[in-house]
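A.B. asks: Each protein sequence line maps, in turn, to chains A and B.
With full-length UniProt numbering, letter number 15 in the first sequence gets 15, and the count goes up by one each step, no holes.
With full-length UniProt numbering, letter number 267 in the second sequence gets 267, and the count goes up by one each step, no holes.
I should point out that these hints are in silico values taken from the structure, not numbers from a laboratory.
Accuracy of the hints is not assured; some may be wrong.
Since the list can't tell identical chains apart, any single copy or any two copies may satisfy a pair.
[Claimed, not checked] No more than 20 Å apart at the CA atoms, straight line, and that leaves these computed lysine to aspartate or glutamate pairs for DMTMM-like:
no.	residue 1	residue 2
1	Lys97	Asp121
2	Lys190	Glu170
3	Lys167	Glu111
4	Lys190	Asp212
5	Lys160	Glu182
6	Lys190	Asp130
7	Lys97	Glu228
8	Lys186	Asp130
9	Lys186	Asp4
10	Lys216	Asp226
11	Lys192	Asp79
12	Lys97	Glu182
There are 2 protein chains.
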Amino acid sequence: MAPDPTSLHGGSLLIAWQLTNKRVLIVGGGDVASGRLESVLVADANVTLVAPAPLHPLTRELLDLLPERITWHNREFQDSDLLLDPIDSHSNNPSPKYVAMVFTAIDSYRESQRIAGLCHDLRIPINAADIPALCNFYFGSQVRSGALQILVSTNGKSPKLANLIRKRIESVIPPETADAIENVGKLREKIKERAPGVGGPLSKRRMRWMVDLCGKWSMEDLACLDNEMMAALVDGGWEKGVVPGPNEVIGDKAPKANGHAQNGHAKATADEIKGISLAEVAPVVGAFIVGALVSGLALLGRARR
Amino acid sequence: MAPDPTSLHGGSLLIAWQLTNKRVLIVGGGDVASGRLESVLVADANVTLVAPAPLHPLTRELLDLLPERITWHNREFQDSDLLLDPIDSHSNNPSPKYVAMVFTAIDSYRESQRIAGLCHDLRIPINAADIPALCNFYFGSQVRSGALQILVSTNGKSPKLANLIRKRIESVIPPETADAIENVGKLREKIKERAPGVGGPLSKRRMRWMVDLCGKWSMEDLACLDNEMMAALVDGGWEKGVVPGPNEVIGDKAPKANGHAQNGHAKATADEIKGISLAEVAPVVGAFIVGALVSGLALLGRARR
């Protein structure tokens, strides 16, 4: 498809930054800083937190919950906070001298600016809360459900609308999605064990098989795969070059559509947006029947008179 | 709300990276590289593209479309490609010596690894296609509509499911959302002109007023605001400390719900997820009426006999 020149500007680069076993620095102990702390913990970072007491209740709670991942210094920022502790420089951090990322959420604009200047000189990515001009990156409204993460950005134009759109998205993500993703991830790993390697025809065949499976199975079916069923899928499906349907693998354990219809995401293939789910049809059928009954009873009542 | 310790790991940090007027380096001229090129152009980056001909058709097209933003070197990568051109070092780039970001999408694993090593030493963020272990950040499935950008990540577990979820999200974003976001952004700027400053009670009042407006107006109403209406909103609403309804401001020009019902996003407040839209109710009401007619006609038919 030809690119639309009018759309080739005005946005950001939306990415999933990797922080596993990296150390990040958070300067500030208030409301915003506690949100940053939670976000980087989700991403498996280790955190140095620099803020004089008292800390925000959420920060306190996170500190109690994960003391081994958060080091708190009960004081103001010092320039040496940008340096990694000696213990980290032996890890597999690719740039062992400095922290991997910095977040400031403090009241002093002047101090934020000073810290950002240091970070820019050292090429340390920084987000300074409320001062877009100093930031290498922004946050947005987020959805998280297991391995699924969704970021909604309006590029700073309307955080409120971003939040409303996030809520709308949350309302259309079936609750079993997280389990479905987890299981598809496991299944991919199992097939990679049988057919290892990156690139080439085998890798393409693997990808094709996974795509066909996700097209044929519902999120709900994928969500209820257990180890035994996965083994059956690999032996009876992948090895034979076919994609079995959920009934062939799950059998009696297949989720019943009616039992789940109330959550608005009844059984449909994972590719369900192409079809119409039972939950969408049920109210229409029900209304037809109710309409027929009401009209019928009314006419019968008249006929009796 | 208490944080859930089980959710505090296994994810990424989803962010909107800022590349306005920064220079990025893309190594590779194939399919994947052309996708990277489009993504960074959206984010207002300037690009150095290093790849021997032939280029992917999309890359060719982008090069023809935006020759002033893309510099193509028809050859393999050289270490000096990581350095900024002299012209860039006079710009307001905070780290003038090197490019801001690097993307490799080439067949040679060994060369990708070598380039990634150079980048890690120089603290230049890098994404090496298909080699997660070398990446500072990953991509995901994306939605874009004007200033609205959405990233869907399954943290590498299932690109196919990420893509299905993206499609599902696209199907529930009303088409007028982009215009609504644009207009809310303009309105915020207009109010900031009247009541400038960051932080403090005025900033809070401004935020509260915008939140109330977005709760009271539909995306469709917000989308049809013009300059005149915005001026009326600022003078008659913001200045008087009230949030007028769309009918008071848009009047006759208000969008008619029926005219848009076919796209599945009839008139509802921007906070529409809390309510039920007309498009959702219409089929049910219709089915009731049809059911009543069918039953009524059948009974009348019998009564006549």
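A.B. asks: Does each hint fit the structure? Answer for all of them.
C.D. replies: Okay, the hints, checked on the actual structure:
1. Taking the shortest alpha-carbon separations for Lys97 and Asp121, both the intra-copy value of 14 Å and the inter-copy value of 10 Å come in at or below 20 Å.
2. For the identical chains of this complex, Lys190 and Glu170 are neighbours neither inside a copy (30 Å) nor across copies (32 Å), given an alpha-carbon limit of 20 Å.
3. Taking the shortest Cα distances, Lys167 and Glu111 never come within 20 Å of each other, neither inside one copy (35 Å) nor across copies (43 Å).
4. Proximity of Lys190 and Asp212 under a CA criterion of 20 Å is satisfied intra-copy only: 17 Å inside one chain copy versus 51 Å between copies.
5. Taking the shortest Cα distances, Lys160 and Glu182 sit within 20 Å of each other only across copies (13 Å), while inside one copy they are farther apart (31 Å).
6. For the homomeric pair Lys190 and Asp130, the shortest alpha-carbon distance between copies (19 Å) is at most 20 Å, but the shortest distance inside one copy (45 Å) is not.
7. For the identical chains of this complex, Lys97 and Glu228 are neighbours neither inside a copy (47 Å) nor across copies (55 Å), given an alpha-carbon limit of 20 Å.
8. In this assembly of identical chains, the alpha carbons of Lys186 and Asp130 lie at most 20 Å apart only when taken from different copies (19 Å versus 40 Å within one copy).
9. Proximity of Lys186 to Asp4 under the C-alpha cut-off of 20 Å is found in neither arrangement, the shortest distances being 38 Å within a copy and 23 Å between copies.
10. Proximity of Lys216 to Asp226 under the C-alpha cut-off of 20 Å is restricted to the intra-copy arrangement: shortest distance 18 Å within a copy versus 47 Å between copies.
11. In this assembly of identical chains, the alpha carbons of Lys192 and Asp79 never lie at most 20 Å apart, being 46 Å within a copy and 34 Å across copies at closest.
12. When the C-alpha separation of Lys97 and Glu182 is checked against a cutoff of 20 Å, the pair qualifies neither within a copy, at 35 Å, nor between copies, at 42 Å.
Hint compliance for this structure: hints 2, 3, 7, 9, 11 and 12 are broken, all remaining hints hold.
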